[in-house]
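Engineer: Sequence:
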Amino acid sequence: MTQRPRPLRIGNASGFYGDRFDAMREMLTGGELDVLTGDYLAELTMLILGRDRLKDPGAGYARTFLRQLEECLGLARERGVRIVANAGGLNPAGLADAVRQLADRLGLPVRVAHVEGDDLTAANPGSLAAHAYLGGFGIAACLREGADVVVTGRVTDAALVTGPAAAHFGWGSGDHDRLAGAVVAGHVLECGAQATGGNYAFFHEAARSGRDLRRPGFPLAELHEDGSCVITKHPGTGGFVDVGTVTAQLLYETAGARYAGPDVTARLDTVRLTQDGPDRVRIEGVRGEAPPPTLKVGVNRLGGFRNEVAFVLTGLDIEAKADLVREQLTDALAKSPPAEVRWDLVRTDRPDAPSEETASALLRLVVRDPSQEAVGRALSGAAIELALASYPGFHVLAPPGKGSPYGVFEDVYVPQGGIDHVAVLHDGRRIPVPPAHDTVVLDEVPEPPLPQPLTHGPTVRAPLGLVAGARSGDKGGNANVGVWVRSDDAWRWLAHELTVDRFRQLIPESGPLKVTRHPLPHLRALNFVVEGILGEGVAAQHRFDPQAKALGEWLRSRHLDIPEILL
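With the working numbering, you'll find the sequence shown wraps up at 565, consecutive numbering, no jumps.
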């Protein structure tokens, strides 16, 4: 009888470039692991690394990763833990060489491999960085050939898990259900402590029940050969893992039922979660489909220059004060107005306020232009010259600077076979990674049947967040808001109450934009995608919350008629 492979324990030690530095050591010393991953890349990070590379062609990778390895490479080697990270950014070969030099200096016999082929900058003229999102089979090839450390450039976040899983269990490109389970596990792990109580909508309930949220531990997955897994964390670490924390992370930066990637399309509408004990959530039932025939390419360009100034308006006549300074600056900039001018009046003031801060509102001016001069000296001079000649109580939070560059992000797509995906081994051998041989063009999933509406009864005008959690985030210029509830009765109400029209009423910014609702009944969740609310992406800083991180919390704060039985 063939023995089934043992589960693979994969932990995460980084959710972004700048995450908790000592998480790598904590994960290596806190319990058993087979693989430790680190996600260092995001749309904005690629722009930052692109600007680094302009100054130094040898740069372009996450230097924090090297500093972490200096402390932890020996520990990982001693414990037999392999490390897989996308910290290579724009220069995975450069980072692999740096890791080898570090290992030599530390006297450690470590085999370092890297994955390349994602860099399409040369094929996108005018871009600062253009990189395809690769899958996990390049990582798998490196691990199968004995690599102890694998660094990559732009791979999907979930590839950091699908690659080790494919190598460990011997999966091939046609194992869609198993790969889809690994994708879901990878999506839960990728943002680190967001799966263990960080940024959690019901944090106050967790704190009241005795959970320590001051320093959440990082998550790990016990992944099984059939693609199912248990999400957990090391014993004794802070935070907690339950169905709610995992649901929140599953909804983060996703859209509809089909979660497409280069290896497989995971069906989020098939995911089933069950509490499997304290700090243990089982994920099973995930179905997979063939991936789409194209790969997503994230293209970052320099969009021009931006500047901003926040005028503080205190006390009486806030609107009139705002009108005056608007008119004054419009006149002052009339000779050479910036290409884009945006004013936002934020009414943080209160009547008869007990402090000057709570008596004040903010008038925020943001300008953009291809020319730094148009948003730099021209604006700063005009704003500061008003210091003694404008509204009573004139002052600003900080004087405007000389203008800083901003980026623009967009998605383009290339055929799966249009890139040279290659695993580069520790001995210099290069293993080509073939594209998916079985692909399917994505279609919308038909809307699932909704539950019977909740029986009518008395209602109370109250915040949505008393019964629903939410998590929101960005994908280019779009934002998603995932909303979920924790009981069947609440789902019967939410599924019929929170329509697209109601969402538009509660989030007026979405009124002129395309809003799509995706029900996910197994999660008791609705996922809303708002197209264009973030303009040209996070680096363009189009709105007050440029990554839509708090859009879900704003939605939870809005009032509507909620059945008393749910409160």
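Where hints are given, some of them may not hold.
No farther apart than 27 Å at their CA atoms in a straight line, the calculated lysine-lysine pairs in the BS3-like style are these [unchecked claim]:
#1 K473 <-> K294
#2 K547 <-> K294
#3 K333 <-> K53
#4 K294 <-> K400
#5 K512 <-> K473
#6 K294 <-> K512
#7 K294 <-> K333
#8 K400 <-> K512
Bear in mind the hints are in silico, worked out from the structure with no lab data behind them. On a predicted model such as this, the values are computed, not experimentally measured, just so you know.
Engineer: Within a Cα-Cα threshold of 27 Å, do K473 and K294 meet the stated pairing?
Structural biologist: holds, 12 Å
Engineer: Compare the distance between the alpha carbons of K512 and K473 with 27 Å, and conclude whether the hinted pair is satisfied.
Structural biologist: holds, 15 Å
Engineer: Verify the proposed pairing of K294 with K512, using a straight-line Cα cut of 27 Å.
Structural biologist: holds, 22 Å
Engineer: Quick one, are K294 and K400 close enough, alpha carbons at most 27 Å?
Structural biologist: violated, 35 Å
Engineer: With a cut-off of 27 Å on the C-alpha distance, tell me whether K294 and K333 pass.
Structural biologist: Status violated; Cα separation ~43 Å.
Engineer: Just to be careful, I want the Cα atoms of K547 and K294 compared with a cutoff of 27 Å; is the pair within it?
Structural biologist: At roughly 23 Å apart (the allowed maximum being 27 Å), K294 and K547 satisfy the hint.
Engineer: Does K53 sit within 27 Å of K333, going by the straight-line distance between their CA atoms?
Structural biologist: violated, 35 Å
Engineer: With a cut-off of 27 Å on the C-alpha distance, tell me whether K400 and K512 pass.
Structural biologist: violated, 36 Å
Hint check: violations occur at hints 3, 4, 7, 8; the rest are consistent with the structure.
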